Every structure is written in structure tokens, then in C-alpha cells.
Amino acid sequence: MNAPVPNIFADAVDARSLPDWLSQRRADAVATLRTQGVPHRRIEEWKYSDLKTALEPANDSIAATAAWSIENVPTGVTLFDLADLSAAPEWVRAHFGKAAAAETVPAASLALAEGGFALHVARNAVVTEAVRVGLSANGHVRALVVLEDGAGLTLIEQQSAAGAFRNTGVEIVVGANARLTHVRLAQAAPNNVQIEDVAVRVARGGLYRAHLFTGGAELSRLTLRMTLKELGANAELSGVSVLGGSLHADVTTHVYHAAGETQSTQLFKHVAGGKSRAVYQGKITVAKGADKSDSRQTAKALLLGERAEADLKPELEIFADDVKCAHGAAVGDLDADSLFYLRARGIPEQEARNMLLRAFLREAVDDVADEAIRATLWQSVEDALPRAMVSAL
Amino acid sequence: MLDIKNLHVAVGGKEILKGLTLSIAAGEVHAIMGPNGSGKSTLAYLLAGRTGYDITQGSVTYRGEDLNTLAPEERAAKGLFLAMQYPVEIPGVTTLTFLKTALNAQHRARGEKELDAMSVLKFVRKKAEALKVSEDMLKRALNVGFSGGEKKRLEILQMALFEPKLAVLDETDSGLDIDALKLVAEGVNALRSPSRAMLVITHYQRLLNYVVPDRIHVLAQGKIVAEGGKELAHELEAKGYEHIAGKAA
Numbered sequence: 001m002n003a004p005v006p007n008i009f010a011d012a013v014d015a016r017s018l019p020d021w022l023s024q025r026r027a028d029a030v031a032t033l034r035t036q037g038v039p040h041r042r043i044e045e046w047k048y049s050d051l052k053t054a055l056e057p058a059n060d061s062i063a064a065t066a067a068w069s070i071e072n073v074p075t076g077v078t079l080f081d082l083a084d085l086s087a088a089p090e091w092v093r094a095h096f097g098k099a100a101a102a103e104t105v106p107a108a109s110l111a112l113a114e115g116g117f118a119l120h121v122a123r124n125a126v127v128t129e130a131v132r133v134g135l136s137a138n139g140h141v142r143a144l145v146v147l148e149d150g151a152g153l154t155l156i157e158q159q160s161a162a163g164a165f166r167n168t169g170v171e172i173v174v175g176a177n178a179r180l181t182h183v184r185l186a187q188a189a190p191n192n193v194q195i196e197d198v199a200v201r202v203a204r205g206g207l208y209r210a211h212l213f214t215g216g217a218e219l220s221r222l223t224l225r226m227t228l229k230e231l232g233a234n235a236e237l238s239g240v241s242v243l244g245g246s247l248h249a250d251v252t253t254h255v256y257h258a259a260g261e262t263q264s265t266q267l268f269k270h271v272a273g274g275k276s277r278a279v280y281q282g283k284i285t286v287a288k289g290a291d292k293s294d295s296r297q298t299a300k301a302l303l304l305g306e307r308a309e310a311d312l313k314p315e316l317e318i319f320a321d322d323v324k325c326a327h328g329a330a331v332g333d334l335d336a337d338s339l340f341y342l343r344a345r346g347i348p349e350q351e352a353r354n355m356l357l358r359a360f361l362r363e364a365v366d367d368v369a370d371e372a373i374r375a376t377l378w379q380s381v382e383d384a385l386p387r388a389m390v391s392a393l
Numbered sequence: 001m002l003d004i005k006n007l008h009v010a011v012g013g014k015e016i017l018k019g020l021t022l023s024i025a026a027g028e029v030h031a032i033m034g035p036n037g038s039g040k041s042t043l044a045y046l047l048a049g050r051t052g053y054d055i056t057q058g059s060v061t062y063r064g065e066d067l068n069t070l071a072p073e074e075r076a077a078k079g080l081f082l083a084m085q086y087p088v089e090i091p092g093v094t095t096l097t098f099l100k101t102a103l104n105a106q107h108r109a110r111g112e113k114e115l116d117a118m119s120v121l122k123f124v125r126k127k128a129e130a131l132k133v134s135e136d137m138l139k140r141a142l143n144v145g146f147s148g149g150e151k152k153r154l155e156i157l158q159m160a161l162f163e164p165k166l167a168v169l170d171e172t173d174s175g176l177d178i179d180a181l182k183l184v185a186e187g188v189n190a191l192r193s194p195s196r197a198m199l200v201i202t203h204y205q206r207l208l209n210y211v212v213p214d215r216i217h218v219l220a221q222g223k224i225v226a227e228g229g230k231e232l233a234h235e236l237e238a239k240g241y242e243h244i245a246g247k248a249a
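One line per chain: the protein sequences are P and L, in this order. Note that the first sequence covers residues 1 to 393 in our numbering. Note that the second sequence covers residues 1 to 249 in our numbering.
It should be emphasised that the hints constitute simulated quantities derived from the structure, not laboratory data. Computed from a predicted structure; not experimentally measured.
25 Å max Cα-Cα, derived SDA-like pairs, lysine to any residue: (1) L/Lys223 / L/Gly240; (2) L/Lys165 / P/Glu349; (3) L/Lys151 / P/Glu363; (4) L/Lys139 / P/Ile373.
Here are some chain L residues the structure puts well away from chain P; computed CB gaps all over 12 Å: (5) Thr56; (6) Gly64; (7) Asp66; (8) Lys113; (9) Asp136; (10) Gly148; (11) Tyr204; (12) Gln205.
Just so you know, even glycine gets a beta-carbon here, dropped at the ideal spot from N, CA and C.
Using the sequences provided together with the hints, build the complete structure.
Okay, structure coming up:
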């Protein structure tokens, strides 16, 4: 007899008719859900984000499909609506749902979402205009982004604050020498449980680059799982979280260096005011044989409130020889020497604190090459700072 | 300008200054010399208003006001400047932005007109040239990756920009080679004026060959143990602090 279906799940699951190519992938996802259930704080990876408790008030009402919108599809990009899987083109059939069954959260979106979007960029097509995707409403939603060899794309994902629960499951396939820039903006969503799982596979010489802004939610969890699967594949991540009130934001990354000469860099800055909680868990695995891999990871948090909390957890697993891995994590207050220096030059204390706070965050935004994206990210920071600083005054 | 009377200062509960008395008038340049641990930097930080430096006895009066009641930023706006021994590095704040913010904060506090970005740039460029502070330094993050000499030149540039009434220079000569020392000294000398007082704190006589003081005070174990004219520096250099401090005791 099957175990009962967890509450982020619905009875519709087994009744849906699916194309043959998908039925096994979906069945695996259902099995994962049944065996693992909704993650809770006694599971190590979810220690700082108790999804089960956060979802209790929602009970079993969340089997809906969240809404997505793409206003403009630039030339060179193909958009496919995942609501009609029976008409899926080959590139969707090849990749959709393949990287979802291992973990509960993406398994839930694969099992439950009845829609989503898929984007495709053809071989050697470099699209300069960004694709903007808005995600809103309650429920589960899936996304697939496929860049063929040599392709280039910028994807700007905007998570709307409205709603009670949203689970976004994204699969990204970066072909050989292809480059994807993924910008994710998630403004503060105090009444929302917002979870997202992004599974990325990067082929030879390809680059996955992510720039994140996280404003927090009642519970916000972003899991980025990246596999650098061929020689010279790269991942570059930077992110800022700016939290106030009782908001929570968990950014969890896992970079898997599967092949040699792969590189990953991560720079995360968190500011937590009020009684908010910022979480960063960064796991790096260097597989056997992934020699000459280079991996750097920095995570820093500033606490603005006595009741604010930051949990930074770097983790390294190295099975290869001749690799470079550097990581650092630090939680603290603004630097007293810097504060004194600025005040001794006539800058009033509050203004000096503001300068240092912005300087702290700026480091993780300044490395964004695209000026428009940099400005958008910075604007999100500015919008979020007043809430974070309430308790600091 | 500055009147220090029987000053006792404790840092973390430990008394460092033990009855220091010193008076500087406008137009004068005084030097404080002393061995390591004598309390030189404690005096500098206390004057600038750093937290953790507690006056347990005595008083510091700056232009008729009790300095102890003023926040560091108020002291700066009222014309007190400390050139620091260890200028801090602040990533994420460009040097020029910092200078503009500080300059305008002081103007605002004094009820003066604030300067726009262009006026600040012109003003800074004019003063920067003499101190060989390059455009590149102004564009970089404050003190980040600056050499020891560059940091000290930037301190003196700030002194030139803020036009203080009382400038305290804490070990401005430390870590400088002879060319950098001359450059910094020229910058300091250019700011000597009948309306400005300076207090030069140093371990060595070297800087005082270039910035010649009107008066030298020798600080040892939290007290002034000897005083004299500029010739005292040479005596110290020749005979050492032990000799002078011992003679006083």
C-alpha cells in the first residue's frame, strides 16, 4: 500500500494523463514525495528552513499551478507552454523533468504543476535582449531553459510578492560554450512561503552565471544545484539578501565539479535586521578526476538587530587531487574602526552606518557586468534597506 | 586653541594618561615625542573622540568648549582633524565619494552651502596635485590597495580640504621613505598658518627636521616628562628617551 500523499500534494496526481516520455519521470517524482515527504528541520539540509511547519496552516489546498508571464519573446528564442506537454518538441522531451526526482521540492513541482514555460535558444544564437519572466499566484510551476552549444541568453526572473505559497522548479541546460545569465529578483513577501529549486547542467566550456536579490518571505528557500559536467564548465554566482521584520531567506547552493578544469565562484552578502533570519548553505563537491578545478566561495552576513540571525554553512567535499578550493564565511556587525574613521571626518553616525552598509552589499552587486542589471539589483537593495534598518535606528 | 589640564584617561579600565597638561595656541606647532606605550596614540584618539577612551580626571577644552561632550563628527565640523596612524580601508566606498560626503557633512553641520559633485572634484584636484594624489587613487575604493605612503598622503590631502583649526598628526611619518616623508612634510608646512594649530605626534625626530615645531613635549608613562624648543628633538635622538625620562624622574 502506498504511503499517504504529503500535503503539498493532491489527489489529482495519478489521475492525469501523461505522454509516454514523461510518465516514468513523473512516477519517480511521486515516489520521491511518498518516501521523503515534506522537508522539515530535522533533515540536515532543511535545518534552518522548516518547510513542513510553515506549510501546516495551508493544509492540502495547494495543488494549483502558479501563473507565469513572458511579455516579450526576443528573436532567437523559442517559447513553449508546458501546459500542453503532448505537443512537446524534441528539446523539451529530452530534458524536461530529468533533474527533478531526486529531491522532494522539485519532485513536488514536477508531480503537481500543470503548466510552466520552456525556453530554447538555438545553436550559436546569442540573444542580446533579456527574457523577462514574472511568476505569481499560488501553487507549483515548472520551467525549462535550454541553451544549445554556443548560445547566449539573459533570463530575468521576477518572483512576485503576492500569494501564500509558490513552488518553482527550474531546469537549466547550458550547452558547450553557451552562456546563460540568470537574474533572480524576489522582493520581500512577508506572507508568502516561496520555494524554488534550480537544477543546472553545464557542458564543456559553458557558463552559468546567476545574480540574485532576495528580500525574504515568511519562509523563502532557493536551492541552486549546479553540475559542471564537462571540462572547463563554469558557474559564477553572486547574491544579496536584505531582510527586516521577521522575514526569512535561505539560499542553498550545491556546486558539483564533475569534470576537470571546472571553475566556480560565489559571493553572497546578507543583511539581517529586526528579528529576521538569513541562511546560506554552500556545498562544493569536487568529484574524483575533476583535477585542476577551482572553486571559491565567500559568504558574509551583517546583523543589524540583536534578534536577527544569520546561519552560514560552507561545506567542502573533495575527492580529486590538485584542486583549488577557497571558502570563507563571517557574521558580524559594522566595522568599528571604519565607523570611527568616517565619523572623525565629520560624517554623522547614522550616515556613516548607511555608507558602510551599502558598501558591504555593493561588493556583491558591483561585479555584475551588465549596467542595467546592476542598476535593477541595486534598486531592489535600496527598496529593501529601510525595512532592514528599522531596528538599527 | 587647545587646553589640556591634568588629564587622566583610561582604556578598558587601565589608566594610560596620568595627569597630562598641555596648551597650544593658534599659529603654533607643537610636537609630542615619546617611546612606544607612552600614551601618544591614546591622546590622539581621545582628542578625536573614539569610544572606549574615558576621561577619569582633568579636562580638555577646545576653543572654549569641553571636548568630552562632543561626538567625533561634531569635533570634525568644529575644525578638529586627526591624521591617523592607520587609515582604514573601506571597500565599496570610492575615495572621491568619501571626500565629498565628508566635506559636505562638515559644511552642513556648520550651516554652510554644500558643494555639488563638480565643485568638489575641482577643489579636490587642485589640492591633490601638490600631494601627488592621482586621479586613479580618487577613483579607487578608500585606501584599498594603497601603499603606506599613499595612505598618508591621502590623510594630508583631507587636512588640506577640510582646513581644520586644530590638526593632530598621529605618527604621520611612520612607514614613509625619505621622499614620501618630504612630500608629506611639505604638505603639512603649506598648511601652517597663524589661525591654525598643529600637534605632531611622533616617535622619531626625523619628521621634525622638516616640520619644525615651536615646542616639544616628551611623553613617558602617561605624563609630560620634559619640554623644550626644537633642539630637544636632537637631544632625544642623541641620548634616547631613557636618559630624558630618567632625568625628569
